[in-house]
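Sequential numbering of the sequence shown, starting at 1, is according to UniProt numbering.
Just so you know, these hints were derived from the structure itself, not from any lab. Watch out, some of these pointers could steer you wrong.
Pair ranges (Cβ atoms, derived) [said to hold, decoys possible]:
| # | residue 1 | residue 2 | range |
| --- | --- | --- | --- |
| 1 | ALA51 | ASN103 | 35 to 45 Å |
| 2 | GLN94 | GLU253 | 11 to 21 Å |
| 3 | ASN219 | ALA90 | 30 to 40 Å |
| 4 | LEU248 | GLN63 | 48 to 58 Å |
| 5 | MET185 | GLU100 | 27 to 37 Å |
| 6 | GLU165 | SER282 | 46 to 56 Å |
| 7 | GLU165 | LYS252 | 38 to 48 Å |
| 8 | ALA51 | GLN94 | 18 to 28 Å |
| 9 | LEU89 | SER282 | 49 to 59 Å |
Glycine is no exception: its CB is placed at the ideal position from the N, C-alpha and C atoms.
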Amino acid sequence: MKTKQYIVIGSVVVLMGILLSLDIKGLVKEEDSTEVQGGNSAATTSGSTAAVSQESISAVAKQNINASLAAEIEKLEKELKGASDDEALALQKQLAQKWEDVNQPLPAAFAYEAIATKQPTLESWLKAGDKFTEGYQNYSDTTAIPGLIEKAKNAYSKALELNKESLEAQTGLGVAYVSEGKSPMQGIQMLLAVVQKDPKNLSANLNLGLFSMKSGQFNKAVDRFKTVISVDPKPEAYFYLATSYENLGMKKEAIAAYEKSKELAADPGLTNFVDRKVKELSN
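The whole structure should be built from the sequences, with the hints applied where relevant.
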């Protein structure tokens, strides 16, 4: 089993906790045209908002990697300070890859943002947006999350300036609007527009499923996760499907989905969790 796959599965449980702890209100029911009263997410209701920068995010991330790799990155960062534009671009590309290699999305996001600013392509802005999204969904400092969401929104908006038809950018921007909490219905409508154009769009369906879970619409969540699985049967999709089934009281289906998640992940931590769940649901 690849290390990256262990990381993905480990983050599934973490992501579930983060998403389900958000106070995301005002989500539109997909078949309904009536809007419900909106509200703010946890990202916007914290007492203060911390400023975020490449330097501050890097300092935190370096605490999570081994000392030799941190030293390599610090050397590149020092070279960056006196570099010409061309040299800086090359150094940012090296930094982006270094951070990717150690599974640290936020400092990678800042590097990709710097790259996109110098070389504004659709791909570079999407990469920056995706890494900011991955980062803010898993970052522990809630005071920094609003600033990180704003970074993601900016990156996806820049991507849409280059290609207004980009479904990847529309999806990322929609997720950011919902996560931010100021205009969640606007974000949901963006995601629904994506799946209207591309019914099997993986990212849009996955996120609509997660947001359906949060709003208690587990039947809709099941449909979304089934679509995701039909396209890309990853263990995390089965995990979310199982959780949705469990909330609907469909124990047999929940057990089957949990077991499939365990089988695909082959991760000891998830195996222990699923075994406990299966025992609980079997009683």
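Outcome of the hint check:
1. ALA51 to ASN103: 35 to 45 Å: 25 Å, violated
2. GLN94 to GLU253: 11 to 21 Å: 47 Å, violated
3. ASN219 to ALA90: 30 to 40 Å: At roughly 51 Å between Cβ atoms, ALA90 and ASN219 fall outside 30 to 40 Å, so the hint is violated.
4. LEU248 to GLN63: 48 to 58 Å: 41 Å, violated
5. MET185 to GLU100: 27 to 37 Å: 34 Å, holds
6. GLU165 to SER282: 46 to 56 Å: Once the Cβ atoms are compared, 48 Å apart, the range 46 to 56 Å for SER282 and GLU165 holds.
7. GLU165 to LYS252: 38 to 48 Å: 42 Å, holds
8. ALA51 to GLN94: 18 to 28 Å: Once the Cβ atoms are compared, 25 Å apart, the range 18 to 28 Å for GLN94 and ALA51 holds.
9. LEU89 to SER282: 49 to 59 Å: 57 Å, holds
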